[in-house]
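Student: Starting from the known structure of chain A, fit chain B onto it as the hints suggest.
Protein sequence lines correspond, in order, to chains A and B. Here the working numbering is used: the first residue of the first sequence is 1174, the next is one more, and so on. Here the working numbering is used: the first residue of the second sequence is 4, the next is one more, and so on.
Bear in mind the hints are in silico, worked out from the structure with no lab data behind them. Watch out, some of these pointers could steer you wrong.
Stated by the list, open to error - The calculated label-pair distances, taken between Cβ atoms and stated as ranges, are:
#	chain 1	residue 1	chain 2	residue 2	range
1	B	Ile34	A	Ser1257	19 to 29 Å
2	A	Trp1292	B	Pro51	18 to 28 Å
3	B	Leu44	A	Glu1196	52 to 62 Å
4	B	Ile29	A	Lys1216	41 to 51 Å
5	A	Gly1255	B	Pro51	38 to 48 Å
6	A	Leu1376	B	Phe25	34 to 44 Å
As the structure is a computational prediction, the values presented were derived from the model and not from experiment. Backbone N, C-alpha and C define an ideal beta-carbon position, used for all residues, glycine too.
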Amino acid sequence: MTHIVQQPTSESTDSPDRGPDEEFYTWTGKARRWMLKTLPPDKLLPETQPSYVASWIYVFGMGAIASLVVLIVSGVVLGLNGPSWWHLSSFGHFINSTHLWSAEFFFLFMVVHLWGKFWMASWRGGRLLTWITGVVAFAASIGAAFTGYLVQTNFESEWISYQAKDVVNATGIGAWFNLANVGQMFMWHIVLLPLAVAAIVALHVLLVRVHGVVAPIDAADTDTQLRDAVIPELHDKADK
Amino acid sequence: MHALLATVMGDSSPTYLGWGVFTIQIGNFIIISVMIVLFVLALVLPFPAGRKRK
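For reference, chain A alone in the conformation it holds in the complex (with noise of 0.2 Å):
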């Protein structure tokens, strides 16, 4: 016995004016309904910022970012060549030192980004899972750091990985997770953590997105994220 099955036409699917009461069977369509639900594009991508975000201590967190995304490019450039190439070519050289510097800039965006959120209490209003995001992601860049270290094929890495693996060593783990294999550190710095920090901070930020940035503590109550107060005479009065 065959089933009929009728096409769905384009109308019934693509309809722009499908309502929240629609039923979705698939997984894809749950998903999708789960996702516009949680991050809807205008929390996505928003065109305004409450208030209280213009202030420095509020930029640190994007100087991060910004300094990631430098590291990460001279860091594919420096990969592409192999790992002795800078120490031979005078461009090699500028890109291994504007990777060491981004490097640095991360860092420092990063911790001054931690004590803002820090002081700020910034756990606040269900924002739990994005400060353990933030966490997270500071401990794998640390071991990101550390594995670079490691890679700079001279007398430095040498020293630095025979220091530090009597430490892993002492954690039991050192015969698998062996600080003098430059091959191994090399697939953990260039592959593994690069992955799993860009990972967990697109995380970080969609969470960010998600329970919008956070008020100072002394913050007014009708000062929030601009999705809930919708109230125009609000805006006009922060705005003068």
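Tutor: Showing chain B alone in chain A's frame:
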């Protein structure tokens, strides 16, 4: 060439600052000082006004 060689060999000797039992390498001292100064300035400096919304 010597500077390049020194970088490759990693033979630059760091300078340390010390107060009693506390010792810190000067590079770390500068970075931490810059972070503290940036943090304080971010709290006290006024943020430039943005475009007026309609």
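Student: So, for every hint listed, does it hold in this structure?
Tutor: Hint-by-hint comparison with the structure:
| no. | hint | verdict |
| --- | --- | --- |
| 1 | B/Ile34 / A/Ser1257: 19 to 29 Å | holds, 28 Å |
| 2 | A/Trp1292 / B/Pro51: 18 to 28 Å | holds, 23 Å |
| 3 | B/Leu44 / A/Glu1196: 52 to 62 Å | holds, 55 Å |
| 4 | B/Ile29 / A/Lys1216: 41 to 51 Å | holds, 46 Å |
| 5 | A/Gly1255 / B/Pro51: 38 to 48 Å | holds, 44 Å |
| 6 | A/Leu1376 / B/Phe25: 34 to 44 Å | holds, 38 Å |
Every hint from the earlier list agrees with this structure, and none is contradicted.
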